[in-house]
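*Asks:* Counted the way mature numbering (1 follows the signal peptide of the UniProt record, and there is no 0) counts, the sequence shown spans residues -29 to -1, 1 to 318.
Honestly, the hints are just simulated from the structure, not real lab data.
The reader is advised that the hints may include incorrect statements.
[Said to hold, decoys possible] Derived CB-CB ranges, DEER-like:
#, residue 1, residue 2, range
1, 133, 57, 32 to 38 Å
2, 55, 316, 46 to 52 Å
3, 160, 128, 35 to 41 Å
4, 119, 97, 44 to 50 Å
5, 18, 290, 37 to 43 Å
6, 255, 288, 31 to 37 Å
7, 55, 299, 39 to 45 Å
8, 120, 56, 57 to 63 Å
9, 57, 216, 44 to 50 Å
[Stated by the list, open to error] With a straight-line Cα cutoff of 30 Å, these simulated DSSO-like cross-link-like pairs (lysine-lysine) come out:
#, residue 1, residue 2
10, 289, 133
11, 272, 237
12, 165, 284
13, 223, 272
14, 48, 223
Quick reminder that beta carbons are idealized off the backbone N, C-alpha and C, glycines included.
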Amino acid sequence: MKKKWIKYMAGSLAAVGALTLAACSNNSASEEGGKSDALVVYSPNSEGLINATIPAFEEKYGVKVELIQAGTGELFKKLESEKEAPVADIIFGGSYTQYATHGELFEPYTAADNDQVIEEYRNTTGYSTPYTLDGSVLIVNPDLTKGMKIEGYNDLLKPELKGKIATADPANSSSAFAQLTNMLVAEGGYSDEKAWSYVKDIFTLIDGKIGSSSSGVYKSVADGEMAVGLSYEDPAVKLLNDGANIQVVYPKEGTVFLPASAAIVKNAKNMENAKKFIDFLVSQEVQDTLGTTTTNRPVRKDAKTSENMKPIKEINTKTEDYDYVIKNKADIVKKYSEIFTDIQSGK
């Protein structure tokens, strides 16, 4: 997720407890004639994505951004604790689930170019704005899969791949859970017995080799330790960009893309700048930059993408039923865990 747009002039990052602060201004907005030149942004995003957006926003609007970085869960807890006296103006990053279950924390606002976003990923909540997508993919080591045709999930059901398929634990890893729900959608549905039969078959071949982290999945394939990995697009495309000996396969049965979102904090002090930031994220200039200079897939339907990022119109896409998954996540994880336990016990 590299950025060449503008040098990041938000200053050095300094640890503040578990948070990281890029000090560009103090917490109080500078007001002159009702206008502010400040914006406070909470974000779990990587430096690549931050550098692709924040400096350009500062230059375009003459706004000084104060950036506080931490994990998504921590930042949402911080928003909750501050809701009576908000510090942040914007939360920039995090999954649909986080936003859908915390709607009371956010100000209603829809980006000016919302109608230019791919229809499935537009702001439909009234407050959360998707700006990038990440899809479940298969990362394949061509040397370890010579002679095998691997175009989708069902192509993984080969005896010779037993113990050579890398995955993290769907009960603990968000990317592995996304792969699990992608499989279920692609194979028939969240409650379809045929789909769950596929889950049993694939985890039988995985043979108990559950990785401790999502990064270990794609690294093990790139390093030639595993033949195939159940991974996600962002790091897989980065590996391609870096010249790794891998192939990225979008399952022919269907790939689910999940959006990362941003929203304006309710009663934000710098409301006008917050609205500008949301508009900026889905603008043509930012979406083209994300698609061509980072490994974050843009949400805008006419956005440009890099050579190693397959155009979404060439991918068989499936849509997650977000509300169903939010409501039934515990049951999905429980059913997976029961299947995994049965496999391990030889049932």
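*Asks:* Among the hints numbered above, which are violated by the structure, and what are their numbers in rising order?
*Replies:* 1, 3, 5, 6, 7, 14
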